[in-house]
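Chemist: Chains as they are written, first to last, in the numbering used here: chain A, 1 to 321; chain B, 1 to 641; chain C, 1 to 530.
Note that these hints are calculated values from the structure, not bench results. Ideal Cβ positions, reconstructed from N, Cα and C, are used throughout, including at glycine. Keep in mind that the hints are not guaranteed to be accurate.
What the hints assert, rightly or not - Here are the simulated EDC-like cross-link-like pairs (lysine to aspartate or glutamate), alpha carbons at most 16 Å apart as the crow flies: (1) K34(A) to D204(C); (2) K219(C) to E130(C); (3) K64(A) to E263(C).
Unchecked claim - Here chain C is said to cover these stretches of chain B; the calculated rule only asks that three of the stretch's residues, wherever they fall, bring their Cβ under 8 Å from a Cβ of chain C: (4) 7-13; (5) 276-288.
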Amino acid sequence: MLKKSVLALCATVCMATAAHAEKVKVDAKLPAYKATSGVSGNLSSIGSDTLNNLMTYWAEGFKKKYPNVNIQIEGKGSSTAPPALIAGTAQLGPMSRPMKGKEIEDFEKKYGYKPTKIGVALDSLAVFVNKDNPIKSLSLDEVDAIFSKTRKRGLPEITTWQQAGVTGALAAKPISLFGRNSASGTYGYFKEHTLKNGDYKNTVKEQPGSASVVEGVAKDIAAIGYSGIGYATSGVKAVPLSDKKDGTVYEANYANVLSGKYPLARMLYIYVAKKPGQPLPKVTEEFLKFALSKEGQQIVVKDGYDPLPASAAAEQLKALK
Amino acid sequence: MASRIVDKSRRNDRLAAWIIKAGGLFVIVAVIGILFLIAKVSVPLFYSATAERLAEVPAELQTLVAEDSTGTSQSRELGETGSIRVQLISGNQFEVQRQLVEKDVLGNEKKTGQQYRLTDPLPGNISTFWLGRKGQSLYAGTDNGWLVRWDLSGEGEGRLIETVQAFKDHRRITALATILGDYSLAVGDEKGQVTTWMPVSKPGSGEDKHLALIHRLPGLSQPVSRLLASPRDKSLAVFDKQGTIKMVHMTSERLLLELKAGMPVAAAAFADRGRKLVVSSADGKAIAWKLSIPHPEVSFSTLFGKVWYEGYDKPEYVWQSSAATDDFEPKISLMPLVFGTFKATLFAMLFAVPLALLGALYTSQFMAPSLKGRIKPAVEIMAAVPSVVVGFLAGLWLAPLMDEHILALFISFVMVPLMLLVAIFAWRPLAENTAFGRRLKGYEFLGMLPIVFVTLWLSWKLAIPLEAALFGGDLKQWLYGTLGVNYDQRNSIVIAVALGFAVIPIIFTIAEDALSNVPRNLSAASLALGASRWQTAWRVVLPSALPGVFSAIMIGFGRAVGETMIVLMATGNTPIMSWSLFNGLRSLSANIAVEIPEAPLFGTLYRTLFLSAVLLFMLTFIINTAAELLRQRFRKKYGRY
Amino acid sequence: MKNYWKRGEPMVLAAGATLALILFMTLTLLAVILGNSLGYFWVKDMVQLKLKDGSLIMGQLTATGRHALTDVERLQLKVGNRDLYSQDFRWVDDSEVVERAKPDDAYLLERREHGNFFGFLKELKGAEGEPVTADYVTLMKLHTAVLDKQRGLKSIKKEMSRLNQASEQLRLKIQKLEYKGSEVNSAAIAVLAEERAKLTMAFDALNEQLNQKQAELNKTAAVFSDAAGTSKELPLLEIVKIYQPNSMSAVAKAGAYLGKIRELLFDDPRESNTEGGLFPAIFGTILMVLLMSVFSLPFGVIAAIYLREYAREGRLVQLVRIAVNNLAGVPSIVYGVFGLGFFVYGIGGSLDKLFFPERLPTPVFGTGGILWASLTLALLTVPVVIVATEESLASIPKGIREGSLALGATKFQTLTKVLLPMATPGIMTGLVLSMARAVGEVAPLMLVGVVKLAPTLPFDGQFPFFHMDRKFMHLGFHIFDVGFQSPNVEAAKPMVYVTTLLLLLIVIAATSLAIRFRNQMRRRYTTSHF
């Protein structure tokens, strides 16, 4: 509590780092990864770009354990994962959202069983504003009124910062919107949870990568954008959010994500094609075990996402059996 | 000996001719084949739907259709949160029963029940009613053309939201159903008409939105006896008493299929996620069809017309193709994309063509030959700058920079010609009267380079006080406040410059080649007759090189239309239809790049994107063909020697 | 004066000014790229700031700026230590700073993970983990020793790699036999499986050995603390390079600069491509463009010759010509989609069914790869070559053609001995344009074989040396990926500029080469008409 008030006193400088000032600690109860023998071959991953870097980091770590595994990683959006799994071009399908009904159906048509979903990390989707923006908090209702054309949450349209509760020099400026392109799971997740499946405004600048959303916001004082918290830089800050207007506001930190209080927290998944009752190919299985191990979850922290608690990781590992 | 050589070379000649013909034809067929393959992908968009009657109705379908009852009560399972049941009781009233299940993080369940009656006075007798699939709204239709809507979603008891006189002629409403997504209500009446309604906010209506007529769907000649919404998309099956079934789609307002059951239909259901339709008569006889409706949401009007989508206040051109959920209404109007393509190309060409052509003219006609050998490669290297580089710089460097110094840019538009005029006046005495000046002939542009530098620097310096004095220190704010113009960081000026940068060297190189290829004797003759070097260049050389110049512009145009990465990275890909320089745009090509990784193979979006590729091709085709014809006319007129 | 205007001299100047503007734009582009990339390799001094609240921060000054609303001046520091602070950069108000210092003993460590570490040396542990004197000289000595030992492990790794490949080959053989019928071939399978088990055992033994030695090496460690005093133990193996920027001479910094360039050109990328080298991407780019030229040049030239010299002029040829011209304008992404559908799924999928049925559903050729990428780009650039070749053939005066034929040469002889040499400059221009376009094309490549990370090159010492089915990295895609999708975009930005510069250099080198060649040709073959 004391810490919070100190932070509040601190100049705007601190604001940028406040959201993620404390480094997240990995659950000590997570199992350490044990290398086994006979792991070799090719591994290909196609899917989410939110998970792209995480996969790359994992691949680097995995390659250290098994120097002769050949890993290829492509990340152009969550929606690329199901077709790749179905076509067999990838063994791992990282996705930042669960598969849609249609995708599962297509998968089942090809393989005769459902795809296996493995949660590998937690992510809090952040609403970013420029680091100099004085705004203290937003509710998802307001965010919907800012981003949505159909405004299913019911608030009247917000076009300037004044309407979002900002005073001073910024107040009269029109809000400039940044978002992701539709191939990304972030786009879909934000649409579903913040916009209640409404439509984005035409003026949302769809960027082909989360980094470019953050860059855009960092360079434009009147901008607002959304992306995974892992993409935060010193030029932006994550706005604390509440679900309903005038509700309790929560920062996008680990504790709030774990307790489920932060309204835009989600699980990140890797999908695999696993025949029921049969083990996965060794490389794939070991890769997933590695991702869910202590080392793997430390990598999650390194990439700016939130690690799974040990119990959740164990739960996910069960799906591999 | 000699004849053997001749024979051999003849044989070689024939062989070569054969190989070249075969190879050439192969390449051309292959290259053109691409077009056909692309077109082939998009054609199935327009295939009509078919239905195949199953010889035998499987047992699970039988049970499915048996569950369908149109009695006086409807109930909905609401997943993990409970269930709701509504019963029509006598006296135009409803009884609502609700089971609520609350689950906390630890998985403990808490069940609560709720029961109440809706006793609101109504303008007519309820003839039919419908409880939304999500259990949040209850709709009722009366026998004199009124629609009634209750909200059951809140914590407490249900609330009457509105009663709407849907039909002035007091016709009886005979069937209701919500379309997938639970937002739109389909209404069938005794005249056989099918309409869809959804809540729309009207001026002065306060917080609640009101039901409004959105789509008129193809109807029946008999009264509608039943409506059944597809669980797959925004389609709807419309039934009449005699067993005629029409499959219609809400967004595209298309009649997809007409089926004849040949018996009165008492119950009906979709199975297999909307791929099968089962109906049964009162005596339990069932018929099932396997439906194949490839792309119901596509019609000419959804692709190119204004459509009134769910949740919108008026019909609009919208591109928003996907969402994370299945009950989404895809919005696939190509108009904003076509518009964006035109806008980007037009601005880029306006910027690039004058620069490139004048530059090429200068290089080929006036520049000292020794310099020319250096300048041309320099521009060619500029052509080689990869578009991803240009796009990256435009998006992450130029756009923020321009955002900061927008006024300087505008000032420079005035300053550059102004300074040029000054330079022209200053140049004259220097060029004509001094030996040094005469020697400078052919090097003028080197003198211009510092002028350009200085002018830009001056404009930048001037902009700061000007902005403070005239626009209150912030031009963008002034634009927004005074003119209502929104300046966007990723705007069309950025695109024009970036795309122009990519196109200039292409036009320049080809046009310069064409201008240089004009035989020297033509210009020599002109000069000898006393024409000045500009007159020669403008009136003699340029006209004879026009075919080449045209093809230069044409190729540049093609590049600008199709350029993907620059537009993708430098704009916000905003599908806006406005000619404002300060707005972004979304072009067809960038749209394909942004969306195709996400498009399910051979789905509607995938094929629509291919269709937009075909469209793009047709765009260039028409313009290229026109240019080619023009070029040939020029060639005839100014015939190459 | 009137005459001056009439003669059009001002227009000449105006035309000159447009050219100046074009050059200005080009120069600006170069200046931006150079300015942003060249500084990246220079080891900047580190400053330690004492803030008003008494806290200390240390880092490299990267930018200054003003608060967008309050206009307060401030500094941006790269503070590094991503594992401690979670962000590499930090903005500090100028007014907050009470004291600035440049401590001589500040260390800059380039690490394998978590980016750079900025801090001070506290403790040092020797080869057995025993404490030794903590100073720069000892640290460097230990570091070199550790790296040397690490290099010594290479032979083990090589052997492991060999074993692994052999084992993989056996696995594929077994798979094939199983596919043909596991009962018929059970004996053969058993033999192979046994062989493979042996290999695996040998591999595991080596792996164990390697891990042990690694663990041994990891004992050598150093404890560093950041400016605020938080300490962090780092095994020396984790450290790539050690600098003390504030006590380095300019010469030493220049040396470090060159070392970093070497790393850039010849090393593999690290930390999700934001650090380390670009070698696989450079290699992939060049190989892909060369492969593409091999496909597109001959076919394009043949098609153009056919159109211009052999086909009978008429409506059809005219139509074909227009169609080809149009194809040059078809958006590249469409070719990407076509390549995906036709080459990858169509041809690649059929090849897999024919030759590698046992491996399905895991595709060999039925997935993006360098071969498909080159073919797709060849298709994309063929129209450019066709148009350029045709254009240059068309510009050869009829008289020359007729002269050659009149002297008794056959059509083919005329073509090879007279026309083609004269057309070469034009053809080269076409090739240059097409190569330049291919190097920069990213959109279609994303669909047919370019990936973010593929450290295994498509060309190596293993039979059959060329692995056409492998995916590859590409500089252009690297720019797009790191610039738009990297999680740490601030830290990665210089890397993007460096990549941009490199890509530009490659393009310029290729283009200049072609231009020179073209000019030589032109001098040799062009006849003067005047």
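Chemist: Taking the hints in turn, state whether each one holds.
Modeler: We went through each hint and held it up to the structure:
1. Between K34(A) and D204(C), the direct Cα distance comes to roughly 13 Å. Compliance with the 16 Å bound is thereby established for this hinted pair.
2. Straight-line distance between C-alpha atoms of K219(C) and E130(C) comes to about 9 Å, which keeps the hinted pair within the 16 Å bound.
3. A hinted pair counts as satisfied when its Cα atoms are at most 16 Å apart, and K64(A) with E263(C) does not qualify at roughly 20 Å.
4. Counting residues of the stretch 7-13 of chain B whose CB lies closer than 8 Å to any CB of chain C gives 4, so the stated coverage by that chain holds, three being the minimum.
5. With a threshold of 8 Å between beta carbons, the proposed coverage of the stretch 276-288 of chain B by chain C is violated, since 0 of its residues qualify and at least three are required.
In this structure, the hints that do not hold are numbers 3 and 5, in rising order.
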